[in-house]
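Since the structure of chain P is provided, determine the placement of chain B on it from the hints.
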Amino acid sequence: MATEQTGIGLRCQYCGQPLDVTPESIVVVCKYCGRPNWMIQAYTYPIVMIPGRSRGLDRIFERYLERDPDMSGIKSKVTLKKISLVYIPLYTAETIAEGTAWGDANVHMTKVEVRRENGRTVTRVRHLDVNVTVSETYSLSHTIDIVARRSYEKRTVDPLIKYYVKKGRPYREIGVTIDKVNWEDVGGDVLAAEVSPEEASTYARDEACDRSYNIVKQRLEEKAKQRAIAQAPAGYMPVSVSWNILKIPCKAQVTSLSPIVLLPMIEAVYSYEGKMYKTVFAGWDGERVYGEEPMLAQNRLIAFGVGSLLSGLLAGGGVSAVLLPSADALVRALGLAGILAGMAGSYYLAKESLKDVRIEEVE
Amino acid sequence: MSVKTIRCPYCGQSFTVPATVSIAVCPYCGTTVWVQTGEQFKEHYMYPVKYEYNAAYQQAIGVALRQFEAPERLEIDASPSAGILHFVPLYLYRVRVRASCPDNPEAGLEEEWVNRLATTTPPRGLPPEYRFPTRGRRFFEPREIENARYYQPDIDPKSLLSSVAARASLKAMREALNWCRDPQLHDETVWQGIVHYPFWEVRYKYQGREYYSLIDAAAGNVVYLEYPIEGAKRGILMAAAAGMVGVAAILGAAVGHEVYTTMAGLIGGALGGLPGAAVYLRSGVKRIGIYRG
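Protein chains in written order, with the numbering used here: chain P, 702 to 1064; chain B, 33 to 325.
In isolation and in its complexed conformation, chain P is listed as follows:
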């Protein structure tokens, strides 16, 4: 039957308007009336909306043009093509990851000896490998944000989430439960949640262990280096750690899972001299979180100029240092580094000068 196969014919149980349903949808918030339609009738979960603004979006874009130092100079040539409000469903999980990690490592150590022989300074480097065993019982808390979508446009959504986290995840302070919002003021396109709370918890536990792995590994490396210093003769310093065995078992649990938070995102597409660019704003305060901006002639000239300057100074100085008759090994090594840095600088900045767009994101 066409209705079963396509999903068309599924209508909002509150207002009767068509619903935008996908095969993975768990809940679809009707874009006409704002009521949540759960795909499995017996199952509901709290939904909190951070209200965005559905009207006056043009003003948000105009304010950005006025305030941004790069855009204010060209704003007369900028045309807003499209601007819309979208809500991204998001969970936040508080997790604890625990375990007892241990490892057996070889720590490579070196000692630099400087002596005077026959009136000349002689540098000698001595090497030593020390075997150590270390362990650590850990308990790490992580706050993990999970977009309730099978896949999403990371390029624009990730900066929005980064900004939301930077602002302290304010869903408790400014969030409103979905049945209490005034849809006329805040309504927009709500992306259907496709990840259940159980799936979000599974993902959060996995992510908590992944994040813990790198932290614990680093701690064990520090411990290994300290133990090696204690065991080695005086003057030896650790340079690197290579693991013979490294075990970091992890069990994580979710101590609390937030409601589904609908995070407002304003997407604007504009043109400048026929070229198209996209800008994304946080929908609750209008702050720009992701922006594609034109590469102007001055941006290209600056990149060209800095590239020429850096490469000339670094590589010019580098070759001079390498060829200097009185230079020792250290000076020659620095000179070589200068040559390579100069070449890398000119390559990187030449590519920068030819870029088609500048991307600015929230810090």
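Note that these hints are calculated values from the structure, not bench results.
Treat the hints loosely; a few may be bogus.
Covered stretches of chain P, going by a simulated chain B footprint (3 or more residues, C-beta under 8 Å) [stated by the list, open to error]:
id, segment
1, 941 to 952
2, 965 to 976
3, 995 to 1005
4, 1014 to 1022
5, 1042 to 1048
Predicted model only: the values in this text are computed from it and were never measured.
Heads up, the beta-carbon is just placed ideally off N, CA and C, and yes, glycines get one too.
Then chain B, alone, in the frame of chain P:
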């Protein structure tokens, strides 16, 4: 190669497919059927076309104009010459891999959804590792669209099962190795169905030459774009190449004069500027630029 003739249950057109495939896609309306029984294949999805041809053309020109080497007059002088909507088949997999230890049956557990190209001949410019940004697949609706091309999958879905689960398997095993020496791997990955993903092939003409581009018709981004490199811009790039080496050499000479000799610094500076000059020259000698999104 032997072929089988199928009659589409939706639009009635006849078409042929290799006898070796188990699923056939009608090239006229996209309806997908089991070859053996002729029954419709139910786990068939699509991503909706959110960008119609005009919008896709505007995207292509908009991105072309952003390129430094492209002519400013492209917006006025370019004209659309062809538009074909390609429905590219993907296989959808539910990856579920479990690595178990005697005292911990889920010592390593990975779950994810993965798309893979189901054809060995995707449209030109689509990289095999393309990440499909999306706002949700739909159940497939057959449509007979002029200038649409529905691709027949020519890869056996089961042949991709192990490669699809490879990353997750490695991760699950790595986690389980923290618990026991010899974890057992259980691969519960299943093939979930076929998804047809739309791409616009947009061709445009500029000064007698035709250029090709590929636009994601669901998300709107430009995947691949050819654009003309203007003569005047080629000249600027050549000058920039010479300029970078020249300016770097002069600055290097000044530093060299202080440190050792002017000549050493001059040579060093010129050497430093060479990679940058190569970047400018690479574009400066071409007539057609390629943008990959």
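Structure versus earlier hints, numbers of those that do not hold, lowest first: none
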